[in-house]
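For the sequence shown, the residue numbers in my numbering are 16 to 300.
Worth flagging that the hints you see were computed from the coordinates, not collected in a lab. No false leads were mixed into what you were given.
Under the rule of at most 16 Å between Cα atoms (straight-line distance), these lysine to aspartate or glutamate pairs were calculated in the EDC-like manner: (1) Lys259 / Glu270; (2) Lys97 / Asp289; (3) Lys259 / Asp200; (4) Lys259 / Asp131.
Between beta-carbon pairs, the in silico distance windows are: (5) Lys259 / Trp169: 30 to 40 Å; (6) Trp268 / Ala184: 19 to 29 Å; (7) Leu76 / Trp169: 36 to 46 Å; (8) Glu262 / Val137: 20 to 30 Å; (9) Ala292 / Gly42: 20 to 30 Å; (10) Phe99 / Trp169: 20 to 30 Å; (11) Trp268 / Phe134: 16 to 26 Å.
Cβ coordinates follow ideal geometry from the N, Cα and C atoms, glycine included.
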Amino acid sequence: MTKANMTKAKSTTASSPTAIATLSCIGCAVFALLFYLFAGIPEKIGGEWARPLWFRYGTYLLQSVAIALAAGLCLRNWSSPKIFSGRSVWLGLAIGSICWGVSNLIFGYFDIFTDDIPFPTVADWTFVTGYLFLAWGMAMSVMGRRLNLTLVQWLLVVSVSLVGLAIGAIVTLFPGSDTSGAELDLLRLAMSAVYALVDVWMLIVATILLMAFSGGKAAQSWRLLAGAGIAMFIGDLGFNFAIKSPEYATGSWIEWFWVLAFSLFGMAAALEFDISARTTPRRRG
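Take these sequences, add in the hints, and give me the full structure.
Next up, the structure:
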């Protein structure tokens, strides 16, 4: 076997775990999309339209699989000393994904096994914690780096920020169908504002990543991170708007964007790990 063939075989072997991880994330997102679109047809249960119980189990299962993939792959990056983009990025995303996943399971318990979802629950506080860690991880992807953006690009970032803030404010302040006590309404509004601000921040970082990293070794993983931030923005604000309708039922197609976001986080982590593993440090002669 020639040296070139040995190098090619070694490269293929090294990248095969990345291919498996990437295909797993893609498969999860695609299967979830088909599941949400074609399996979640509402049925009339007890005089009210609702989605069947097995479908609700399925949505939480698919979300949990995507979150577990993202958290595991991000933790692998954080524990690897070879990651050249900064391990703090992946630590923040890993902790954020874990907190988000735990919160989602707690919320799922109340959603499936109780008649009403109390507010606030421990899930609300762990959700907030998860979002803060996700925001920190996204922030670390751009902080400390040279961003050679033009004036037009910075103006575009500002424009996206303003549009995101406007959408977040509209969704957060849009009145719901039912009202509770003023104190609970204030707490709910405060939590919704935190979610909206974190989502807008991830949208801003995603915009910067898309424009600042169009080439280079880490460009592809950064673009996937950007896609995850945008998907999370759409999923969160779409969900917060949809739940204000009395006709909303768990398992709406808007929730698929959460599966997409965590699948993209996992794909970004897998590609980053593969690039870092195959990059050899330069030695001075």
